[in-house]
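Student: Sequence:
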Amino acid sequence: MRALFCAICCFFLFFVEAYSQNSPDCRTAIPVCADAPILSATDGGGDIDDFDPNVITQSGCLEKGSVASANIENNTSWYVFRAGTDGQIGFDIEALPVIPGGIVTAEWDFALYGPFDQTSGQNFCGTIGDGTSQPIRCNYEVNDTGFTGIGVNPINGQPGAPFVKGSQNTYDEWLDVQAGEIYYLFINNYNTNFNGDSEPFSLTFTGSSVDADQNTALDCTLRDEFLGLDIIACEGDPDIVLSALNSPAGPDIANVTWEVDFEDDGIYDQVLATGAGATELTVTSPNSGRYRVTIETTLATIITDDILITFYGVPQLDEVRVIDDLVNSDQTDPYNVEIIPLGDGDFEYAINGGEFQDDPIFLDVPPGVNTVVINDKNGCGTTEPIEFLVVGYPKFFTPNGDGIHDNWNVLGIETLTNPAVYIFDRYGKLLKELDQSLGWDGTFNGRELPSSDYWFRLDYDRDDQGVVVARSVRRHFSLVR
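Using mature numbering (1 follows the signal peptide of the UniProt record, and there is no 0), the letters of the sequence shown correspond one by one to residues -18 to -1, 1 to 463.
Accuracy of the hints is not assured; some may be wrong.
Simulated restraints, written as ranges between beta carbons of each label pair [claimed, not checked]:
{"id": "1", "residue 1": "Lys147", "residue 2": "Ser190", "range": "38 to 44 Å"}
{"id": "2", "residue 1": "Phe378", "residue 2": "Asp246", "range": "53 to 59 Å"}
{"id": "3", "residue 1": "Gln298", "residue 2": "Asn389", "range": "33 to 39 Å"}
{"id": "4", "residue 1": "Gly84", "residue 2": "Ile368", "range": "56 to 62 Å"}
Think of the hints as simulated: they come from the structure by calculation, not from any bench. Think of the CB as a built atom: it goes at the ideal place given N, C-alpha and C, for glycine as much as any other residue.
Could you build all of it, start to finish, from the sequences and the hints given here?
Tutor: Structural data, given as structure tokens:
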């Protein structure tokens, strides 16, 4: 009896060990190949909301599951694969029992994203999470056969079809791929939210490319990057857990060594952990760097991989550099500025409520008070509108009492030292020395002056490398009645 009990224990332990590889976060998606079924089990883990809960509550075929207050990630597993050849790819996701011979309790669904270009430097998980990248294949229908996927259901021969909500078709159309394309596969149990028991499944790739050569249909060299693709994260994000158990060595590990190159300059600065039990490494914000793992197997082979993790902070404004305005350039129009942010990031900029642009230089900026908003395209945050001043003047004004452009003044004049503004007619007659707060209403000695061009002179003091220099600017504008 004891021998039988031990045999059962060993079988159960093997079964559990077979499902040890899982990544519940997109940023640590496990690279996979098509040469064998992938056995995994979700465990309800995951430190980060891969889908922005304020943006994606229900999108396409993604649903929130049985708990209304939950995010759409209930019990997830993420994989990444790279097409090895041009051709047709599909896959089968089969729900498995928690204990061999037991009852299947999970009901799996999926979303597939891509194709992505690995050379683009994009934050693929960021574009998935904010809805920029939408699923190209997706299904959450009830899996009566225990299978879902892309292609043909192996149990009932049901062919894949375009996703239609409520269609009861648990398979989607075949996927036509080109060599080198990257795809992310999100597998989730929407039927119930995680209840504490690991839920196993198998993932098997299919299709004409796999039938032709399962070793080349997907690029198996991607598994050498078992730590996953480079990660872009935000300062303050949850910890990132890197696992040596996702390597080709599996559990056959004799020793593990983790190192970090903080500057990514090819020089590893520090050994972070070593030993047979150091199968995982936790990377905390904001410790950017290239992390390398060296695994010695029980067969005396060496396996290595590295991954670059970059943490970006919430964008901040350093300064608005005025390139051209009334006092910084000899030209009169347009006024041009450059937005200078603090820190590193993939930033885009918008002024005065306009559209975002990647270029930090803005041309033809209106004089006076403006606002700028800086957004980090990695999803690390957006600033509130920040005001900045451009010293300039309106090219015309209309003193007709309608409350719009009724007065004329140099805008941003309050930023200057000892400013003074004088208004002249075209013959050089002094009409007004301006009060900074009120401006000119278009009158002289209480009499309305006619529509015409008028001239002004702006005098002010400027600090030029510690020397106060008197400056003067002359321009003209129009009075329109």
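Student: If any of the earlier hints don't hold here, list their numbers in rising order.
Tutor: Number 1 only.
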